[in-house]
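Asker: Now for the letters of each chain:
There are 2 protein chains.
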Amino acid sequence: MKYTAPLTDLRFALYDVLDAPTQFAALMGDSAPDRDLIDAVLDEGAKFCEQVLTPLNAVGDAEGCTYDKATRSVKTPTGFADAYRQYRDGGWTGLTGPTAYGGQGLPETVGAAMKEMIESSNIAWGTYPLLSAGAIDALWHHGEDWQKDVFLTRLVDGSWTGTMCLTEPHCGSDLGLLKTRAEPVGDGSYKVYGTKIFITAGDNDFADNIAHLVLARLPDAPAGTRGISMFIVPKFAVARDGTVGERNPVFAGSIEHKMGLSGSATCVMNFDGAVGYLVGKENRGLNAMFTMMNSARLGVGIQGLGLIETSFQNAAAYARDRLQMRALSGVKRPDKPADPLTVHPDVRRMLLTQRAVAESGRLLCLYNGLQVDRVNLLTDPAERAAADALCGFLTPITKGLLTELAIECTSHGMQVLGGHGYIAEWGMEQLMRDSRITTIYEGTTQIQAIDLLGRKVLGLNGVGLNLFLAEIRGFLDAHEGRSSLVPFVGELRRLADEWQTATLEISLRAKSDAEEMGAAAVDYLFYSGYITLAYFWARSVEAVTRESFAGTARFREEKLALARFYFERILPRTQQHLATIRAGGSSLMQAPDSLFEAA
Amino acid sequence: MKYTAPLTDLRFALYDVLDAPTQFAALMGDSAPDRDLIDAVLDEGAKFCEQVLTPLNAVGDAEGCTYDKATRSVKTPTGFADAYRQYRDGGWTGLTGPTAYGGQGLPETVGAAMKEMIESSNIAWGTYPLLSAGAIDALWHHGEDWQKDVFLTRLVDGSWTGTMCLTEPHCGSDLGLLKTRAEPVGDGSYKVYGTKIFITAGDNDFADNIAHLVLARLPDAPAGTRGISMFIVPKFAVARDGTVGERNPVFAGSIEHKMGLSGSATCVMNFDGAVGYLVGKENRGLNAMFTMMNSARLGVGIQGLGLIETSFQNAAAYARDRLQMRALSGVKRPDKPADPLTVHPDVRRMLLTQRAVAESGRLLCLYNGLQVDRVNLLTDPAERAAADALCGFLTPITKGLLTELAIECTSHGMQVLGGHGYIAEWGMEQLMRDSRITTIYEGTTQIQAIDLLGRKVLGLNGVGLNLFLAEIRGFLDAHEGRSSLVPFVGELRRLADEWQTATLEISLRAKSDAEEMGAAAVDYLFYSGYITLAYFWARSVEAVTRESFAGTARFREEKLALARFYFERILPRTQQHLATIRAGGSSLMQAPDSLFEAA
Numbered sequence: 000m001k002y003t004a005p006l007t008d009l010r011f012a013l014y015d016v017l018d019a020p021t022q023f024a025a026l027m028g029d030s031a032p033d034r035d036l037i038d039a040v041l042d043e044g045a046k047f048c049e050q051v052l053t054p055l056n057a058v059g060d061a062e063g064c065t066y067d068k069a070t071r072s073v074k075t076p077t078g079f080a081d082a083y084r085q086y087r088d089g090g091w092t093g094l095t096g097p098t099a100y101g102g103q104g105l106p107e108t109v110g111a112a113m114k115e116m117i118e119s120s121n122i123a124w125g126t127y128p129l130l131s132a133g134a135i136d137a138l139w140h141h142g143e144d145w146q147k148d149v150f151l152t153r154l155v156d157g158s159w160t161g162t163m164c165l166t167e168p169h170c171g172s173d174l175g176l177l178k179t180r181a182e183p184v185g186d187g188s189y190k191v192y193g194t195k196i197f198i199t200a201g202d203n204d205f206a207d208n209i210a211h212l213v214l215a216r217l218p219d220a221p222a223g224t225r226g227i228s229m230f231i232v233p234k235f236a237v238a239r240d241g242t243v244g245e246r247n248p249v250f251a252g253s254i255e256h257k258m259g260l261s262g263s264a265t266c267v268m269n270f271d272g273a274v275g276y277l278v279g280k281e282n283r284g285l286n287a288m289f290t291m292m293n294s295a296r297l298g299v300g301i302q303g304l305g306l307i308e309t310s311f312q313n314a315a316a317y318a319r320d321r322l323q324m325r326a327l328s329g330v331k332r333p334d335k336p337a338d339p340l341t342v343h344p345d346v347r348r349m350l351l352t353q354r355a356v357a358e359s360g361r362l363l364c365l366y367n368g369l370q371v372d373r374v375n376l377l378t379d380p381a382e383r384a385a386a387d388a389l390c391g392f393l394t395p396i397t398k399g400l401l402t403e404l405a406i407e408c409t410s411h412g413m414q415v416l417g418g419h420g421y422i423a424e425w426g427m428e429q430l431m432r433d434s435r436i437t438t439i440y441e442g443t444t445q446i447q448a449i450d451l452l453g454r455k456v457l458g459l460n461g462v463g464l465n466l467f468l469a470e471i472r473g474f475l476d477a478h479e480g481r482s483s484l485v486p487f488v489g490e491l492r493r494l495a496d497e498w499q500t501a502t503l504e505i506s507l508r509a510k511s512d513a514e515e516m517g518a519a520a521v522d523y524l525f526y527s528g529y530i531t532l533a534y535f536w537a538r539s540v541e542a543v544t545r546e547s548f549a550g551t552a553r554f555r556e557e558k559l560a561l562a563r564f565y566f567e568r569i570l571p572r573t574q575q576h577l578a579t580i581r582a583g584g585s586s587l588m589q590a591p592d593s594l595f596e597a598a
Numbered sequence: 000m001k002y003t004a005p006l007t008d009l010r011f012a013l014y015d016v017l018d019a020p021t022q023f024a025a026l027m028g029d030s031a032p033d034r035d036l037i038d039a040v041l042d043e044g045a046k047f048c049e050q051v052l053t054p055l056n057a058v059g060d061a062e063g064c065t066y067d068k069a070t071r072s073v074k075t076p077t078g079f080a081d082a083y084r085q086y087r088d089g090g091w092t093g094l095t096g097p098t099a100y101g102g103q104g105l106p107e108t109v110g111a112a113m114k115e116m117i118e119s120s121n122i123a124w125g126t127y128p129l130l131s132a133g134a135i136d137a138l139w140h141h142g143e144d145w146q147k148d149v150f151l152t153r154l155v156d157g158s159w160t161g162t163m164c165l166t167e168p169h170c171g172s173d174l175g176l177l178k179t180r181a182e183p184v185g186d187g188s189y190k191v192y193g194t195k196i197f198i199t200a201g202d203n204d205f206a207d208n209i210a211h212l213v214l215a216r217l218p219d220a221p222a223g224t225r226g227i228s229m230f231i232v233p234k235f236a237v238a239r240d241g242t243v244g245e246r247n248p249v250f251a252g253s254i255e256h257k258m259g260l261s262g263s264a265t266c267v268m269n270f271d272g273a274v275g276y277l278v279g280k281e282n283r284g285l286n287a288m289f290t291m292m293n294s295a296r297l298g299v300g301i302q303g304l305g306l307i308e309t310s311f312q313n314a315a316a317y318a319r320d321r322l323q324m325r326a327l328s329g330v331k332r333p334d335k336p337a338d339p340l341t342v343h344p345d346v347r348r349m350l351l352t353q354r355a356v357a358e359s360g361r362l363l364c365l366y367n368g369l370q371v372d373r374v375n376l377l378t379d380p381a382e383r384a385a386a387d388a389l390c391g392f393l394t395p396i397t398k399g400l401l402t403e404l405a406i407e408c409t410s411h412g413m414q415v416l417g418g419h420g421y422i423a424e425w426g427m428e429q430l431m432r433d434s435r436i437t438t439i440y441e442g443t444t445q446i447q448a449i450d451l452l453g454r455k456v457l458g459l460n461g462v463g464l465n466l467f468l469a470e471i472r473g474f475l476d477a478h479e480g481r482s483s484l485v486p487f488v489g490e491l492r493r494l495a496d497e498w499q500t501a502t503l504e505i506s507l508r509a510k511s512d513a514e515e516m517g518a519a520a521v522d523y524l525f526y527s528g529y530i531t532l533a534y535f536w537a538r539s540v541e542a543v544t545r546e547s548f549a550g551t552a553r554f555r556e557e558k559l560a561l562a563r564f565y566f567e568r569i570l571p572r573t574q575q576h577l578a579t580i581r582a583g584g585s586s587l588m589q590a591p592d593s594l595f596e597a598a
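From first to last, the protein sequence lines stand for chains S and D. Letter by letter, the first sequence follows residues 0 to 598 of numbering that gives the first Met the number 0. Letter by letter, the second sequence follows residues 0 to 598 of numbering that gives the first Met the number 0.
Just so you know, not all the hints are guaranteed correct.
[As the list claims (entries may be wrong)] Capping the alpha-carbon separation at 27 Å, the derived lysine-lysine pairs in DSSO-like fashion look like this:
| id | chain 1 | residue 1 | chain 2 | residue 2 |
| --- | --- | --- | --- | --- |
| 1 | S | K178 | D | K331 |
| 2 | S | K178 | S | K68 |
| 3 | S | K331 | S | K147 |
| 4 | D | K190 | D | K178 |
| 5 | S | K190 | S | K178 |
| 6 | D | K46 | D | K1 |
| 7 | S | K331 | D | K1 |
| 8 | S | K1 | S | K46 |
| 9 | D | K331 | S | K510 |
| 10 | D | K190 | D | K280 |
| 11 | D | K335 | S | K178 |
| 12 | S | K335 | D | K178 |
| 13 | D | K190 | D | K68 |
| 14 | S | K190 | S | K280 |
| 15 | S | K331 | D | K331 |
[What the hints assert, rightly or not] Derived coverage of chain D by chain S (criterion: at least 3 residues anywhere in the stretch with Cβ under 8 Å from a Cβ of chain S; other residues may be distant):
| id | stretch |
| --- | --- |
| 16 | 330-341 |
| 17 | 421-434 |
| 18 | 515-524 |
| 19 | 554-566 |
Hints in this document: simulated from the structure, not taken from any laboratory. If you're wondering where the values come from, they're calculated on a predicted model, not measured in any experiment. By construction, the Cβ of each residue, glycine as well, lies at the ideal position given by its N, Cα and C atoms.
Make a model of the complete structure from these sequences and hints.
Answerer: See below:
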């Protein structure tokens, strides 16, 4: 498997379409990174990902993590620890971390660009820093000062890593059922007892210490989700002054044998009275988790994007070289025994689908990253609330759509290679196996869909949707006259109106029957997602057809062709999803339950 | 992973919907199997599949096949050889084999029902008899009498197995490029030289001998597909009198490490002057392969069906037991800490999708099997030609649609289990990995689509399509008045008309631009497939609402609910495919080729 970071397109997205440096300047003033700095980050990041992480991707899959029963510890695949050391030495662990604790304080948007390159290179390796980033986020927003001094500093400098311990054997999506308990010791610390499962990066062999963020119940906590608190439980005991002590009784009990993501240790974690500290307020642990949810879910959406890009690059390279059959319209390469796969319409369709989704998905991720930055940095409460609404609205779309499309697109990548795609040798099947977790963890597609439709749209009176629709319409109004946009504005305007109408229809139905929301949610997520990507295609066309556009004619032609392909061949998927939404939920809910029993 | 053969539904399909025994009687007269015999076959087959094959499915995946370099031979997973012995002892290898050579001569339709149970239980194990069946088919139609006496008898009694050796390193879909050569020895035999890859069941440790059917070129054969001949090359040399001699120089050189199907040996086969015999006429090897293509492709479609059924059964069982969150419309199980997953609309959608596809897919496979029988058994040339046209039309739909839906549906099965679906323990991820090969081998989905639209519909003036449309319309005319069918007949009639119109549109476009066929083909396959399944849903409704229907009220209600679900929530997919077909191919073909190059 090969990977070349798509730097030209990342720059196009950040500078030409999103004008990110201007936005950073407005948010951060003098501390905002300029284009030179961002370019340097992208160039160095690309080198690291291409040269260090990419070669380890197949190794990580073949070896997997191993679990040593004697020491109850995890050994990561050959090279993973060394790659982490290089990552740490390069200062990458603190790229977006708070400057007060040693971080570089760069925007999440820039972090998102770096994340894409990591996920394209080696998603399994990427889970270790990804989980640390979640822990940084949680402590930054909710930690006490001493916790920040002690833990945040080490997470930012990368000497320690972090995890998020939520799932238990009997509760995944439904955290209200969790049983792990925390008992106050009397000195302000707690002893944590319980078993967590599916803990990504739960143990590793390269960090000096691991900060586990654990959801648990205090004694006498209310039942359900209102009785959950968050604790920080280190692998090695840590005193308030930062002194590191004995091994804390929190151990990986085993690791899972999974379909993919083999280089990432998915651990059962046993807490046998491990000492930890409360983070944030008692019984408010779930709210603390919600704080970091936008960036964590965006992170998984970026995993989807990264996998699509890599699958595309490798499938395209194969299709250019592989000679098989002649073009339907006649021989294209008379000098060869057959034409390359790229002459065949459906091979082109699969490759164009991958590329069209990757490029508009890239814009979606970076735009979503910008909204995370706005939520973090805006000071005006009203502006901040609006940014939060838009960010909260887009995040389940980014996560849900790009991970579902990652399964589809990595499958296309395999299909282009035919039998060669199904064997391990070419790496294409690993990408598909790795992709399959992304629609499950950090909230399944079903959870994203309910978050989008139930919470963000119907629950909040559509604030985020309306902001986004206003932005789309503003864009259309501003550029309607431009001839290059003519093939796109009409359809996009129609879809914006239809989106609003469809939402209203669901809202009315859901008022009389709550199940209607759940029955429409997943189709609504896809429907919304495809329109969202169409908007970013329109923006790309706008950007390449500006008089001031400095890119090549080839680049412009490619964008116009992809936009056209997307509108003609992908966007019609909205029709199916709308039809299914409009069919309502009664065929689901009225079907007899005996259908789910043995015949 | 558990599996219970869906005997009630298999009987419903065979007897109530398809009235198969009557059709067998018309085709076979006194030798036709009656209902008692078919029932006995199904019951015994179910026992074997449930008790012998199902428990070996996870074993086969975990162990895989192993290759011994010293002996250049394959060891199959623990239990596979013993299961084969039991299968052979039970007489299953000759179930549909010709009676003249020791077979039971049962219709392919009955064989298809047995195949479904095998594929549901253990698709990897099933590849060994599946490939033998292909060899039986080829020899039966094209072998000389002595070849039938010697080889067919042993393939039918199962002491020998068979393979099909087509693919080479540089040619998969494009067999015209193949290089393996056969040199006449002078005594009527040939020495075969060359390397074949991706040879399913290429070697095993339980058959006394293996009959490899090999495509190769004779000296001075014309280039391309018109210069390919078929040879039978045994693992151990076989004389014309049946004497088995020395080890023939045809060896497995290695086996592939694949995404799934690990219990099936996918071999590189090296032919180093291995002695073989010509089967059929010189340079007509591809035609001989085409003869067995209908049943081989139907066999792979049945693999898709089998995987969907098993994934459904296990996902449904999990969803019934797993308690997670409360229903949106209020608590359903106040006695439990949470409601079962089956209360959630989108879990229901995924399970109903699996079941609705499995049940209509079952009818499609059995109906397609009936057409194979009609092609084999009809004596009137005109009737036989019509059956051949219908069978040839339906086969790529069965293969293409059910394998693509197997990937989707096994993925749904995983998703229902969430994180538990992604780990090996529950077996759900194996089903998805196993399913992924089915859209590739025996002709990719793209090849099926071109076979359907290019060859069977446009190439043959739509004979098969028109026969099938006439059948659908005949059904609608006959039952239009029945109130139970009212929700379905209007839409089905509309779609039949639309299908015809859409075909005409493509035909006109393809006349001026050959690429239009290729650009529409895959969408056309899906479009056609969804309408085909809708027809079988309508037939199921007709069957359960007959006055004479002897099944339970529960069974009837379930069918009605599934039919409604299919029409409301799956059939709208035709809209997207039609819109994409109508968009035409220019966005694919005019996109610059530079899009497939590195940026």
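Asker: Hint by hint, say whether it matches the structure.
Answerer: Hint check:
1. S/K178 with D/K331: holds (22 Å)
2. S/K178 with S/K68: Holds - the C-alpha atoms of S/K68 and S/K178 are around 26 Å apart, at most 27 Å.
3. S/K331 with S/K147: Since the Cα atoms of S/K331 and S/K147 sit roughly 64 Å apart, the hinted pair is violated (cutoff 27 Å).
4. D/K190 with D/K178: holds (14 Å)
5. S/K190 with S/K178: holds (14 Å)
6. D/K46 with D/K1: holds (13 Å)
7. S/K331 with D/K1: Violated. S/K331 to D/K1 sits at ~51 Å, over the 27 Å cutoff.
8. S/K1 with S/K46: holds (13 Å)
9. D/K331 with S/K510: holds (19 Å)
10. D/K190 with D/K280: holds (17 Å)
11. D/K335 with S/K178: Cα-Cα ~15 Å, so holds.
12. S/K335 with D/K178: holds (15 Å)
13. D/K190 with D/K68: holds (24 Å)
14. S/K190 with S/K280: holds (17 Å)
15. S/K331 with D/K331: It is violated: about 64 Å lies between the C-alpha atoms, which goes past 27 Å.
16. 330-341: Check passed, 3 qualifying residues.
17. 421-434: With 7 residues close enough to chain S, the hint holds.
18. 515-524: holds (count 5)
19. 554-566: holds (count 6)
Hint check: violations occur at hints 3, 7, 15; the rest are consistent with the structure.
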